[in-house]
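K.L.:
Go ahead and model the full structure; you've got the sequences and the hints to work with.
Number of protein chains: 2
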Amino acid sequence: MEAMGQKSASIQTIRRLPAYLVLLRKVLHNGRDVVSSATIGNMLQLDAIQVRKDLAVTGIEGKPKVGYMVTELIEAIENFLGWNNTKEAFIAGVGNLGRALIGYPGFAKHGVKVIAAFDDDERIIGQDISGVEVLPIGKLSELAERMHVKIGIIAAPAEAAQAIADSMVEGGIRAIWNFAPVKLSVPTTVIVQDEDLAQGLAVLSYKLGQISKEVGV
Amino acid sequence: MEAMGQKSASIQTIRRLPAYLVLLRKVLHNGRDVVSSATIGNMLQLDAIQVRKDLAVTGIEGKPKVGYMVTELIEAIENFLGWNNTKEAFIAGVGNLGRALIGYPGFAKHGVKVIAAFDDDERIIGQDISGVEVLPIGKLSELAERMHVKIGIIAAPAEAAQAIADSMVEGGIRAIWNFAPVKLSVPTTVIVQDEDLAQGLAVLSYKLGQISKEVGV
DNA sequence: TAGATTGTTAATCGATTAACAATC
DNA sequence: TAGATTGTTAATCGATTAACAATC
Numbered sequence: 001m002e003a004m005g006q007k008s009a010s011i012q013t014i015r016r017l018p019a020y021l022v023l024l025r026k027v028l029h030n031g032r033d034v035v036s037s038a039t040i041g042n043m044l045q046l047d048a049i050q051v052r053k054d055l056a057v058t059g060i061e062g063k064p065k066v067g068y069m070v071t072e073l074i075e076a077i078e079n080f081l082g083w084n085n086t087k088e089a090f091i092a093g094v095g096n097l098g099r100a101l102i103g104y105p106g107f108a109k110h111g112v113k114v115i116a117a118f119d120d121d122e123r124i125i126g127q128d129i130s131g132v133e134v135l136p137i138g139k140l141s142e143l144a145e146r147m148h149v150k151i152g153i154i155a156a157p158a159e160a161a162q163a164i165a166d167s168m169v170e171g172g173i174r175a176i177w178n179f180a181p182v183k184l185s186v187p188t189t190v191i192v193q194d195e196d197l198a199q200g201l202a203v204l205s206y207k208l209g210q211i212s213k214e215v216g217v
Numbered sequence: 001m002e003a004m005g006q007k008s009a010s011i012q013t014i015r016r017l018p019a020y021l022v023l024l025r026k027v028l029h030n031g032r033d034v035v036s037s038a039t040i041g042n043m044l045q046l047d048a049i050q051v052r053k054d055l056a057v058t059g060i061e062g063k064p065k066v067g068y069m070v071t072e073l074i075e076a077i078e079n080f081l082g083w084n085n086t087k088e089a090f091i092a093g094v095g096n097l098g099r100a101l102i103g104y105p106g107f108a109k110h111g112v113k114v115i116a117a118f119d120d121d122e123r124i125i126g127q128d129i130s131g132v133e134v135l136p137i138g139k140l141s142e143l144a145e146r147m148h149v150k151i152g153i154i155a156a157p158a159e160a161a162q163a164i165a166d167s168m169v170e171g172g173i174r175a176i177w178n179f180a181p182v183k184l185s186v187p188t189t190v191i192v193q194d195e196d197l198a199q200g201l202a203v204l205s206y207k208l209g210q211i212s213k214e215v216g217v
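Sequences listed follow chains A and B, in order.
Residue numbering for the first sequence is 1 to 217, as defined by this note's numbering.
Residue numbering for the second sequence is 1 to 217, as defined by this note's numbering.
Quick caveat, the hints were computed from the structure, so don't treat them as lab data.
Identical chains blur together in the list; that is why a pair holds if it fits in one copy or across any two.
Derived SDA-like pairs: lysine to any residue, alpha-carbon spacing no greater than 25 angstroms straight-line:
1. K183 - G200
2. K113 - T189
3. K109 - A158
4. K183 - D196
5. K113 - P157
Predicted model only: the values in this text are computed from it and were never measured.
P.N.:
Shown next as structure tokens:
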């Protein structure tokens, strides 16, 4: 079902939207209130046609000869991604990565507010990390249900990830952002977004290897 | 140029290879020395045909009716990604994310060894983070050149990222793993792999929004 | 041998790029 | 008006999926 002229969008397009948002905020900050697809394309190293196609998914129309209204676009993208209304989230696993994520300044801008962290290490439980309290992992399920939390972030080791996912599902969590390098098993009604650092590193390593070969080293 | 029967691979395929590697190590650990594409596909929620296509890029051939030799595959994938010979790396930016990356246990398995960290904060410089010394950012370029470091990791705020990239390029770094949400300008000879958390979060938010709509909330 | 599993060739699908009419 | 820039329709490109012959 589609609302307000929004069109269905490919995953690729959705992944590019945050970059548009950052750029548009910068443009606005520079005092410009109109921008063309060509300008955006130049700054993000994208084709102007692709920029127009991407922006079209938000339902916003530009004006020929003029371009797009910057504020209109910003609002439309935020709305499209659901970043203009804050959703509460739990995070499980308070190691280095967990702490980094709790302190991630992007969350506020992206409609996510981490309201509690969970761990199984007695020495960490009870601590306050960047204003977020660490609770025992055993309480996650019950609290998620009681507080109607819909987003869970897994920043725990691979071995613990599936059990954590299970308790998140049990607590009614609908979307899991998974940083553990495991393919989680969850009901089809639950969304899982995998964020595996090894993937990006693989691409980097491969390309570096290709270059080395070409150079003949 | 291609070596040892290796074929050119799509980025998508390369991103899937680390998951195969993790799985194959687990299979080996369980004492099995042969595995079929169907088995792999089941465990990773991938099509068996795609598994065979992906594995073909490494140059390894399976045996009909039998499957693939696990150890052979592991070695071939590691070799394909260049993960079997360690490359030294510098990391710039020692905030929460930087610390998480320095402590990232995956690096060792993935052929990367962080040998120094850099920051501009006097209070951090000189510290030892998980066995890695923090040096002043101004020294990065010179040290990279002297130590022939080829990989740079940027975990600094967006505003500082371009300047850091510039000094990495100046120091002869050939591949940059960029965690700052900025499109870096570098010579075409330098590889940049962007790792923007906002991208994954955008996909998660969008899907969550779609579900909410369907449910009618 | 018969059957399972492979690698390859062809078909489908989806995303990007190109061409161009519409319009401010 | 003339020209710049848009949105749309068509063409291209690349990746996934299907069909099937080869083979252990």
